[in-house]
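Residue numbers (our numbering): 132 to 463.
Note that these hints are calculated values from the structure, not bench results. On a predicted model such as this, the values are computed, not experimentally measured, just so you know. One thing to keep in mind: the hints can contain errors.
Claimed, not checked - Simulated DEER-style distance windows between Cβ atoms: (1) LEU338 / ALA451: 34 to 44 Å; (2) ARG459 / ASP245: 19 to 29 Å; (3) GLU401 / PRO441: 54 to 64 Å; (4) ALA450 / LEU267: 17 to 27 Å; (5) TYR243 / MET351: 16 to 26 Å; (6) SER345 / LEU267: 15 to 25 Å.
What the hints assert, rightly or not - Lysine-lysine pairs mimicking DSBU-like chemistry, simulated, CA-CA at most 30 Å apart: (7) LYS358 / LYS268; (8) LYS358 / LYS414; (9) LYS358 / LYS204; (10) LYS455 / LYS414; (11) LYS209 / LYS414.
Note that CB positions come from ideal geometry on N, CA and C, so glycine has one too.
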Amino acid sequence: MTTILCRLTGPRCLLWRYGAVIKRETHSRTSHVIPQGGARLLAGGGRPLTGYSRAQSRRQHTEAAAAVEVDLKRLEGKDDGIVEVLMCRHKARNALGNVFVSQMRKVVSTLYNDSAVRVVIFRSLVPGVFCAGADLKERALMNNSESDLFVHGLRSLMTQIALLPTPTIAAMDGVALGGGLELALACDLRAAANSAQMGLIETTRGLLPGAGGSQRLPRMIGVTLAKELIFTGRRVGGQTALEMGLINRVVEQNQTGDAAYREALSLAREILPQAPIAVRMAKEAMNRGLEVDIGSAMAIERMCYARVIPTRDRQEGMAAFIEKRAPRYTGE
């Protein structure tokens, strides 16, 4: 499975230096980094989602090759199994532009079938911002059909994040507006600083939430309250979001501006020791069960339960209980 590493030093997100030789194909959806010495890296990039002109496409390919806007970091040691998706589009506050969305899609796709991944944290390296939402400068260059196509791709990305089999946590240390909040809503859990501002503000721009927000928010906090927030385009802070049920945890912001990330990491560490197959099946049972009637949901639960019965992890859990020791789960 492709591995992406990111240094957290300096103002930008930089790939770990392993003497990598970059091989890029300008007419391909992917761009690969082929390292020397065995480590595997992947840099973001890809073909634009909209029907731009050839000149615009060439310019965006050049931009994609020059800048990493979304990257991946795999933690090690006691945190082995925790993976961080790093959003580092500094100049545009992680706005959901073509390159950003393409790189995010590619990074997320590497996580689907990786059994070593136990928990995924989505975090920003841009101070004071989680994700500022749509890139309105790019949108202004699109015609109606291009805009519709792009938003369709954005909606697909959020679904891709929601369907990740492992638990996902959004660490919201700053602004999360429009599509930025929709990205957080696509995650399973959310931790936020009390100073963070979040809201689905699309109606203030003549739009409506189009990347899943109009559907996920009502399911999360209730229809009546969701309608109020969407109709008014209101922004709420971390404490209010907690009281609404919009987030799981709220913390005071610290001097380094990463309090929500630290809280998300603490939450990930609580999940990490649990049996990974059982956690994945619990997520699937809940997500699928919420979309059907209670009788069908019970059948889904039974199916998911049946899949954990023959696992070695279940046997290990029983043995650890009898022997009064901590279980050692392997994900088998």
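Cross-check of the supplied hints:
1. Taking 34 to 44 Å as the suggested C-beta distance range, the pair LEU338 and ALA451 does not conform, at roughly 52 Å.
2. Against the hinted window of 19 to 29 Å, the Cβ-Cβ separation of ARG459 and ASP245 comes to about 20 Å, which satisfies the hint.
3. A beta carbon spacing of about 26 Å between GLU401 and PRO441 contradicts the range 54 to 64 Å that was offered as a hint.
4. Distance hint for ALA450 and LEU267: a CB-CB separation of about 57 Å, inconsistent with the stated range 17 to 27 Å.
5. A hinted range of 16 to 26 Å for the beta carbons of TYR243 and MET351 is consistent with their spacing of about 24 Å.
6. With their beta carbons about 19 Å apart, SER345 and LEU267 fall inside the hinted range of 15 to 25 Å.
7. Taking the CA atoms of LYS358 and LYS268, the gap is near 28 Å; set against the 30 Å cutoff, the hint holds.
8. Only pairs whose Cα atoms come within 30 Å are accepted, and LYS358 paired with LYS414 is accepted, the gap being roughly 27 Å.
9. Taking the CA atoms of LYS358 and LYS204, the gap is about 37 Å. The hint is violated against a cut of 30 Å.
10. Between the alpha carbons of LYS455 and LYS414 the distance comes to roughly 27 Å, so the proposed pair stays at or under 30 Å and holds.
11. Annotation: proposed proximity of LYS209 to LYS414 holds, straight-line Cα distance about 23 Å (limit 30 Å).
Hint compliance for this structure: hints 1, 3, 4, 9 are not met, and every other hint is.
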